[in-house]
Amino acid sequence: MNQEPEIVLETHAEPHTHRDDMGSKMGMWLFLFTELLLFGGMFLLYASYRYMYSAAFTAAALHLDPVVGTVNTIILLTSSLTVVIAIIALQKNQIRFSKLMLGFTFLCGIAFLVNKFFEWSTKFQHGIYPKGPALADMSNGESVFFGLYFVMTGLHGLHVIVGLIFFSFIYYFIYKEKITATNFQKFENAGLYWHLVDIIWIFLFPLFYLIH
Amino acid sequence: MDTNTEINTEHSHTSGYGLYISVWLGLVGLTVITVALAGINLAGLAVSVALAIALIKAGMVANYFMHVKFDNKVFKIFISVCIVIFLTMIILTFFDLTYRTPVK
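Going down the list, the protein sequences come from chains W and F. Counting in this note's numbering, the first sequence runs from 1 upward without gaps. Counting in this note's numbering, the second sequence runs from 1 upward without gaps.
Derived by calculation from the structure, the hints in this document are not laboratory data. Watch out, some of these pointers could steer you wrong.
[As the list claims (entries may be wrong)] Straight-line C-alpha distance at most 25 Å; calculated DMTMM-like pairs for lysine to aspartate or glutamate:
id, chain 1, residue 1, chain 2, residue 2
1, W, 131, W, 119
2, F, 76, W, 20
3, F, 76, W, 21
4, W, 92, W, 20
5, W, 123, W, 137
6, W, 186, F, 71
7, W, 176, W, 20
8, W, 99, W, 21
9, W, 92, W, 177
10, F, 73, W, 35
11, F, 69, W, 20
12, W, 99, W, 177
13, W, 131, W, 65
14, W, 178, W, 20
15, W, 176, W, 21
16, W, 123, W, 65
17, F, 76, W, 35
18, W, 92, W, 21
19, W, 116, W, 65
20, W, 92, F, 71
21, W, 186, W, 35
22, W, 186, W, 21
23, W, 186, W, 20
24, F, 73, W, 21
25, F, 69, W, 35
26, F, 69, W, 21
27, F, 73, W, 20
28, W, 116, W, 35
29, W, 178, W, 21
All figures in this text were calculated on a predicted structure; none of them were measured in a lab.
So here's chain W without its partners, still in its complex pose (with noise of 0.2 Å):
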């Protein structure tokens, strides 16, 4: 008999497995906490230049837009709903319909961006941008609630970028079953970081596009 004989391995080849959802969980939660108090010092700084400058900023408040604001609003608070019903699905194992409404979510961060976009240009038409012309006209405190505008709604936008690549990995790993329905802790750490987005999104509208 020229057949090699079988080799049967021992069976301990499974890498072992650490697996730690709680830690994973509360090292995000650690994160979300340095990002709530990033943006804190700036709604402070806002808290401050406002209770300075109170007039200004309700005249330079008038510039925006308050439908933009309002659509965004409504945007971002359907697409916090989405992720969390994309992790329940995912966790009833109805992997398509997870990656339907995941894929949804990404589309809302996607018009939301639109959104800002066409905002944002529509500014820069008018003037309105760091040492623009309409921008030198006004007083100080429109200045800075402008200022103030650019940098909090931009790093706000940046974060809805980081959340949409987030969401790509995600749907990557759902895609290579790395994520499945008893192992899905990333899913939910990209939708806390999501929903943190959409909190801080919550004080931004009213702060500058309801002012009157």
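For this one, chain W is given, so just place chain F on it according to the hints.
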């Protein structure tokens, strides 16, 4: 599970979508209320009312969408500590702003 596998999964299981859809409806409703109130002249109260509504909305997102309500106590303590630190910063800054004598 394999004996080699060591997994710490502490997940609160929530079954339906209904709760989250009602939370979303509430959030959209509150957004509409804030926008509507902004059209009315509330004088000095406008900021407080807008912030109060924003706080309620943030609480809803954190408790339901971010699951804090169903989470381990540790997370609630962490979050409270963070919020207290932030509030301290705000209060101290406003003490400064209010009582500072302007330099002429």
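Structure-based check of all given hints:
no., hint, in the structure
1, 131(W) <-> 119(W), "18 Å, holds"
2, 76(F) <-> 20(W), "19 Å, holds"
3, 76(F) <-> 21(W), "17 Å, holds"
4, 92(W) <-> 20(W), "21 Å, holds"
5, 123(W) <-> 137(W), "15 Å, holds"
6, 186(W) <-> 71(F), "17 Å, holds"
7, 176(W) <-> 20(W), "21 Å, holds"
8, 99(W) <-> 21(W), "22 Å, holds"
9, 92(W) <-> 177(W), "15 Å, holds"
10, 73(F) <-> 35(W), "21 Å, holds"
11, 69(F) <-> 20(W), "21 Å, holds"
12, 99(W) <-> 177(W), "12 Å, holds"
13, 131(W) <-> 65(W), "22 Å, holds"
14, 178(W) <-> 20(W), "15 Å, holds"
15, 176(W) <-> 21(W), "20 Å, holds"
16, 123(W) <-> 65(W), "11 Å, holds"
17, 76(F) <-> 35(W), "17 Å, holds"
18, 92(W) <-> 21(W), "18 Å, holds"
19, 116(W) <-> 65(W), "11 Å, holds"
20, 92(W) <-> 71(F), "20 Å, holds"
21, 186(W) <-> 35(W), "18 Å, holds"
22, 186(W) <-> 21(W), "9 Å, holds"
23, 186(W) <-> 20(W), "11 Å, holds"
24, 73(F) <-> 21(W), "16 Å, holds"
25, 69(F) <-> 35(W), "21 Å, holds"
26, 69(F) <-> 21(W), "18 Å, holds"
27, 73(F) <-> 20(W), "17 Å, holds"
28, 116(W) <-> 35(W), "21 Å, holds"
29, 178(W) <-> 21(W), "14 Å, holds"
Against the hints set out earlier in the document, no violation occurs for any number.
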